[in-house]
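Protein sequences appear in the order of chains R and P. Heads up, the first sequence is in my numbering, so the first residue is 1 and it goes up one at a time. Heads up, the second sequence is in my numbering, so the first residue is 211 and it goes up one at a time.
Simulated from the structure, these hints should not be mistaken for lab results. Be careful, since some hints might not be right.
Stated by the list, open to error - Derived BS3-like pairs: lysine-lysine, alpha-carbon spacing no greater than 25 Å straight-line:
no., chain 1, residue 1, chain 2, residue 2
1, P, K282, P, K317
2, P, K282, R, K201
3, R, K42, R, K201
4, P, K348, R, K201
The residues making up each chain are set out below.
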Amino acid sequence: MKYFVMTAALASTMVLAGCSSTTIDNSAGRATVYEDARSPGKVQGVGVESQDIMAVTDQMMRDMLSNPQLVSREVAPRIIIDSQYFTNESSSRINKNMLTDRLRINLNRASNGRLVFVGREYADMVEKERELKRMGVVDGGTIRTTQATAGADFRLVGRIMSLDAMDTRSQERSRYHQITFELVDLELGTYVWSGMYEFQKSAQDDVIYR
Amino acid sequence: MKRTLVMASAVAAGLALTLAGCGSTQNGYSGSHPVQRTTTNELNTIVFIDHNLNRTDITKTLTGEKVRDTVKVTLDRSGMSNTATGQLEVWTMIRNRTDYDLQIEGKALFFDANQTPLMDESMWRRVYVPANGTAIYKETSLNDRAEYFLVELREGR
Chain R
1 MKYFVMTAAL
11 ASTMVLAGCS
21 STTIDNSAGR
31 ATVYEDARSP
41 GKVQGVGVES
51 QDIMAVTDQM
61 MRDMLSNPQL
71 VSREVAPRII
81 IDSQYFTNES
91 SSRINKNMLT
101 DRLRINLNRA
111 SNGRLVFVGR
121 EYADMVEKER
131 ELKRMGVVDG
141 GTIRTTQATA
151 GADFRLVGRI
161 MSLDAMDTRS
171 QERSRYHQIT
181 FELVDLELGT
191 YVWSGMYEFQ
201 KSAQDDVIYR
Chain P
211 MKRTLVMASA
221 VAAGLALTLA
231 GCGSTQNGYS
241 GSHPVQRTTT
251 NELNTIVFID
261 HNLNRTDITK
271 TLTGEKVRDT
281 VKVTLDRSGM
291 SNTATGQLEV
301 WTMIRNRTDY
311 DLQIEGKALF
321 FDANQTPLMD
331 ESMWRRVYVP
341 ANGTAIYKET
351 SLNDRAEYFL
361 VELREGR
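Produce the entire structure from the sequences given, and follow the hints as far as they go.
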């Protein structure tokens, strides 16, 4: 009896194993396509997306360039724009450098010398090269020598903030973003320019931002 | 036989007239092809590239041309000026003619005095226009070389 049960069990296992098979999905799938980064794409959520980054930096750039206190000075002011004092306090996952780099690069191109940007992020690199020059390891270069590197007049500060809400029954969620940009006078500590960008999005299912 | 020939000619002429009536005018098309699709965009103008927002359909009928305007939003006022820093600033007042809130997106392109593109094209700026209400779209150029503009409006996506 015992052998009969064991044999039956073994036989049924073999039969079931024989039924299972590996299926290969050989369909073509959806090919990779380019999308216009200035408009919402196929995958959309409630976070900060490409069209928001491009719109906010474009708006801030145009606003800064139309401010006489910044661009109409006799001597072009020196400005530091990096993400050092630009904080993300929102629930959106975002690389802050995408905002600050885009803003600085487009401003530098558009201002055409009316604004001078100081690369404080790479100060170590500059100091090392200056030291090599002063020690005579390398020559002085072809442009000039200066007593010190450039001090800045203004620096960008700002925050990304958000306010989330979710309907627990429908799982619909909304997120309001407020992104602030300000330029601080590095001698007086006053704000010389301020700009703000706001938007709110809602969606049934959130997407994952990586 | 002669009578049959006359009747056949009359039927053919009638068919030709009917088919001609179905065709479009030279100014534009009807249905999904409004007048705006075939007109040339002049500089210093504000155009709707989303034809659902504001369109004119011209259909040729046996009695003449039938013109039909379909309007969701209109531009009440528009203008251009120079900022204190010399940039060109263009603005327009958008009026929502519907009973629903609308989102309009605008984009401006700027050209120099020779109407050469300055490669100064703004990103889409979203404007929220409440039902039956008004909102302002405004954009400034990047530098003082801009003399001409072209603004394109579409429904927000």
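Exercise. Which earlier hints can't be squared with this structure?
Worked result: Those not satisfied: there are none.
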